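K.L.:
Residues per chain are reported as follows:
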Amino acid sequence: MRLTFEKRKSVSKKAILLVPVFSFIVSLLLTGILLLIFGTNPLRTFAGMFRGAFGSWINFTETLVKAIPLMLTGLGVTIAFRLRFWNIGAEGQLTFGGVAATWVALFWSPFLPPWLLLPMVILIGSIAGALWAGIPALLKTGLSVDETLVTLMLNYVAILFAEGLYYGAWRDPQGYGFPGTKLFPEAAWLPRFSGRAHAGLFIAIVLGLILWIVLNRSKWGFELNMIGKNQRAARCLGVDVKKNIVLALLLSGALSGLAGACEVTAISHRLQQGLSIGYGYTAIIVAWLSQLNPIAALFVAVLMAGLLVGGDQVQMMMGLPAAMGLVLQGMILFPMLAGSLFTEYRIKRISE
Amino acid sequence: MISLITSILAITLKAGTSLVYATIGEIYTERSGILNLGLEGMMLMGAVSSFAVAYHTGSLLLAVLTAMMVGMLLAAVHAFLSITMRANQVVSGLSITLFGTGFASFLGQRLGPESNSFYLTGMNAVKFTAKRIPGLADLPVAGSMFNQDILTYIVFLLIPLAWIYMYKTKYGLNLRAVGENPQTADAMGIPVAKIRYLYTIVGGMLVGLGGAHLSLAYTPGWTENITGGRGWIVIALVIFSMWNPSRAILGAILFGGINAVQFRLQASGTNISASYLNMAPYIATILVLVLVTVWESHNRKVGPPAALGTSYMREDK
Amino acid sequence: MEPEKKPILEMRGITKRFPGVVANDHVDLELFPGEVLALLGENGAGKSSLMNVLAGLYRPDEGEIFIRGEKVHIESPRDAMNLGIGMIHQNFMLVDTMTVAENIILGLKETLPIPDMRRIAARIREISQHYKLKVDPNAYIWQLSVGEQQRVEILKQIYRGAEILILDEPTAVLTPQESEELNHILKQMTSEGHSAIFITHKMEEVIEFSDWVRVLKSGKLVTVKRTADTDPQELARLMVGREILFRLDKAPARPEETVLELRGVQAVDEKGLPALKGIDLQVRKGEIVGIAGVAGNGQRELTEVITGLHRVTDGQILINGREMTNRSPLSIIKSGVSHIPSDRIAMGVVGDMSVAHNLVMKGYRQPPIFRRGLLNRRRIVDFAGRMIEMFRISTPTTATHVKFLSGGNIQKTILAREIDSCGGVLVAAYPSRGLDVGATEAVRKEMIRQRDNGNGVLLVSEDLEELLTVTDTIAVMFEGRVMGVLPSENANVELIGLMMAGVPKEKAENEYYGSKHATDI
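Chains as they are written, first to last, in the numbering used here: chain A, 3 to 354; chain B, 36 to 352; chain C, 70 to 590.
For the record, the hints were derived by calculation from the structure and aren't laboratory data.
Note that this is a predicted model, so its numbers are computed, not measured.
Just so you know, even glycine gets a beta-carbon here, dropped at the ideal spot from N, CA and C.
A hint or two may mislead.
[To be verified] If the Cβ cut is set under 10 Å, some of the chain B residues that face chain A in the computed set are:
(1) 117
(2) 126
(3) 194
(4) 195
(5) 279
[Claimed, not checked] If you want the footprint, here are the derived chain C segments under chain A, 3+ residues with CB under 8 Å:
(6) 289–298
(7) 412–419
(8) 433–441
[What the hints assert, rightly or not] Subject to a maximum C-alpha distance of 35 Å in a straight line, what follows is the list of computed DSBU-like cross-link-like pairs (lysine-lysine):
(9) 350(A) - 514(C)
(10) 178(C) - 9(A)
(11) 11(A) - 319(C)
(12) 319(C) - 431(C)
(13) 245(A) - 319(C)
(14) 203(B) - 340(C)
(15) 178(C) - 231(A)
(16) 203(B) - 178(C)
(17) 514(C) - 11(A)
(18) 178(C) - 11(A)
(19) 201(C) - 231(A)
(20) 231(A) - 319(C)
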């Protein structure tokens, strides 16, 4: 008897819903096994992680703090991936957005009325992120240069650029023992509403909803869909593929830049090391796990943030390495990737 | 002046060794049609695992074998997802990188001595040292080639062998056919899936080995981010060498050279901040990519294997 | 009376199922040495499936295969090769970036680890001379013409010791003269003991090429006949089950003003080589102009320059009298041009989107579908419902992704969308390729209907019968030039064949009429 894959007659809706759930469970199992190997009780670990992330209100706000940039970068990556444009540069777009936001916050304040400062900070931060994504977009549409590596390399460039600034030209001589720029004037602080959770949450949710409407109901979303699923046909049918790719990527980068601007204005109030803890890469997991659905991405972002925060908590409590959360995160896509086959194929037994 | 060039060349070769291993490995993988973006994670895992083994057992041989096995294992996961489960190869490779990066971090924090709460960072282990070849090592510029560690010497052999295998043997012919036109290869009786698995895993082995060279020879020890993005640069080097193993050395020299010049500039204390200098390899990669892409578009015969990144199943109707 | 011969190949009760369809339903087949067997049937009748089973690409669900009287199991292409079965597919199984010799030895078990390419090239030259298959072993496949590539395929099978050759629609890519050459090659091979099966849906080919014919219909074997005992009409009837019309009812054309005009149009292909070398062409309102020619002589570039998908390096394109050279695809669409592309899956539909969405891919930019910034879902579904009914598209629901539809229904979807949005010019490239007789008939009737509705139609086809019956005028293309234009009514097929092979019209006429004149004397 042999097993083989047989193509289904239509996409299985059941599989689309079950596969992400199933992947999460499998990755929990795999991580549990790993924990056992290293001599830790997995159930206690997971319980500790859950408590650490969602067990109390203050813990939940900390989870939200990490969820907000994940939501925004997740949305950004979602747009790009919808076009099958592999934007792995969310990290750099976020960072560059943070740098530009810092620039405005620190150096434009003499020229702007206080009420205008924060909006400008956010705006310029987003535009900077957009431009950082525009580079690979133009290289792709103009010269057919593969975007995967360009976006990646620009991550390193952006991070080093930021480093050069907060260690060098923009360094705060006072230091606070932690290398970084001066603190922003309070007019440039994004308001928090509880603990460290901040207004960025509402911006992210609203943008998520808007993005869903745009992608599923608008003319532009229809064209983006066509481009992502069959670029050649889209062109034949009159869609301006290049222009749309660039626009979508500008939007993608803007969302990540917005995340960076929020981080510097709401959390650290300055540009310093540790601006991003890999949000741009986790965003890829968020986007893929939510199957490129903007609304789902908002929830998945909270889930991923919970893993990170919970991971931090158990690290302190149970002496586990800080990278615990990262390992769990890394594992989660494997079953997801394996499982996506079942949306289009089913297993068939062939008797010999 | 000559001694400056010689010393830069020496550092270049040393820096380039890990790149050559990984580049040749990925060339073979991509020639079979599989795109493996997990290299950064695989090199990190290769580095940490080989260092841990070297630290605990004192055997360089075991350390190198470990790195190769780790590379093969991670590549096997990618192969399984990409080939059998027909997953999106870009995302699959990225997830290997995410997992490998996190897990390498985890191991680096878990496999050290009890005395320093399990951290490998800052520990010393056996390492590969340069072995002079008497006589040849005294030559003016070329002498730097003959004063390297054994892994670099192996690379000198690996490059021509890899080229002969690919272009002069029937196995190389089959491999190239699978990457260009899997339907045809299948119809000619070539086992497409097996070949893809084989070369993805073999490629992974070489990538792991490249990681080992970093922690055992180039910058002996373990630190987070010891690879510094090399895994990604290798992807560009594969394109730069046009999927031809004999050209792998060119890219390695280019980037090894950039590394070497960076070292030199920093050592001599220039005004340029370290951060901006460090950008050089990444910006260079982008430029290389752009130039190669533009050149390839004018030259019909060179280009990636036509089926790179696609999945193949026979009864596809 | 012939002596009793034993069959070299027997297939008994072969059954092959796919989700939703039975491709082969207990089919039997016998092949004798030195014979050419034709497998005739419409598209979807099961001919390719059956041969893919024989070639080891499909595993049958039921049935047995016997080679020289012994039962065999063919589980992979390699098994088929070891049994002396060689298949030449419609899409050639050749690696473009490798040489002829490399392609021929690919996957051959007996090859040494480091093959001696010189000896192999010598053997290839030997075989090619013997069978008159002219080919250079060291040429790269991408340098060869389609006819030459087919010769490489045949050489490949002979080199590997194939005694049974399977050819899948071999003449689809050949000129009439090249088809004749192929016929000679096959006759020579069969006289030396090889056997051949060839798959076709063209009755005339069956008569010309084969000794026996088996007709398949809807997966079942319906007839086995000696070719000498039958004729095209009977075969057609058996293939389809009803009388098919060889002539379509067509009112005479009443062309009016020119809607599409090309003046001296030049273009280059991706390699930078000239693809169009000065095309002059006119299509008038109420007229169907056909483009004849073997694929690869510039037809693709022709349709693409008209629809704005390819750059024009010199010359002009006028649509409804307005200059539209090198304008964007969108502006050309807005000026009234509809396009049925040659590669329907790659260019004509977005497979992962629903039938409804694909149907509105022309109409989504305006009301009533697009209103107040958003696309109106109900209007989309209504529109789709109407199109599905009007064009009889068979689909489970309007939300089904197009990629799950059969080829014929995908084409109907494209037709529906393009015809509904047509504003004067319809460019159709190989519209009936790969469709069964019913769908083909529907497509051809639709072309004529559009012409009668006052549109100008440009029809590119490799099917001479289609061109002769559907079009009003035929222009023959060869290597980027129009060799000649003639009215379709009572057009001379041999003349067209000569033009397809590169002989300009006047010269062809002289040759043809001149020689006729000579024999009359």
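K.L.:
Confirm or reject each hint.
P.N.:
Here is what the structure says about each hint:
Restraint check, residue 117(B) versus chain A: the minimum CB separation of about 9 Å is within 10 Å; hint holds. Interface hint at residue 126(B): satisfied, since its Cβ lies 6 Å from the closest Cβ of chain A, which is below the 10 Å cut-off. Hint status for residue 194(B): violated, given a least beta-carbon distance of 23 Å to chain A, over 10 Å. A cut of 10 Å between beta carbons decides the hint on residue 195(B): the least distance to chain A is about 28 Å, and the hint is violated.
Checking residue 279(B) against chain A: minimum C-beta separation of about 18 Å lies over 10 Å; hint violated. For the stretch 289–298 of chain C, the stated coverage by chain A is violated: 0 residues have a C-beta nearer than 8 Å to a C-beta of that chain, whereas at least 3 were required. Residues of the stretch 412–419 of chain C lying with their CB closer than 8 Å to a CB of chain A number 5, which satisfies the three-residue condition for coverage. Counting residues of the stretch 433–441 of chain C whose beta carbon lies closer than 8 Å to any beta carbon of chain A gives 3, which meets the minimum of three for the stated coverage.
Distance check on the hinted pair: residue 350(A) and residue 514(C) sit about 42 Å apart at the alpha-carbon level, beyond 35 Å; violated. With a CA separation close to 32 Å, the supplied pair residue 178(C) and residue 9(A) stays within the 35 Å bound. About 39 Å separates the Cα atoms of residue 11(A) and residue 319(C), which puts this hinted pair outside 35 Å; it is violated. Of the pairs offered as hints, the one joining residue 319(C) and residue 431(C) holds, with about 29 Å between alpha carbons and a cut-off of 35 Å not exceeded.
Of the pairs offered as hints, the one joining residue 245(A) and residue 319(C) is violated, with about 45 Å between alpha carbons and a cut-off of 35 Å exceeded. The suggested pairing of residue 203(B) with residue 340(C) holds, with an alpha-carbon distance near 28 Å, which does not exceed 35 Å. Between residue 178(C) and residue 231(A) the alpha-carbon distance is near 41 Å, which puts this suggested pair outside the 35 Å criterion. A C-alpha spacing of about 16 Å is found between residue 203(B) and residue 178(C), which places the hinted pair at or below 35 Å, so the restraint holds.
Restraint check for residue 514(C) and residue 11(A): the C-alpha separation of about 30 Å stays at or below 35 Å, so the hint holds. Note on residue 178(C) and residue 11(A): the hinted pairing is violated, with a Cα-Cα distance of about 38 Å set against a maximum of 35 Å. Of the pairs offered as hints, the one joining residue 201(C) and residue 231(A) is violated, with about 47 Å between alpha carbons and a cut-off of 35 Å exceeded. Proposed proximity of residue 231(A) and residue 319(C) is contradicted: the alpha carbons are some 40 Å apart, above 35 Å.
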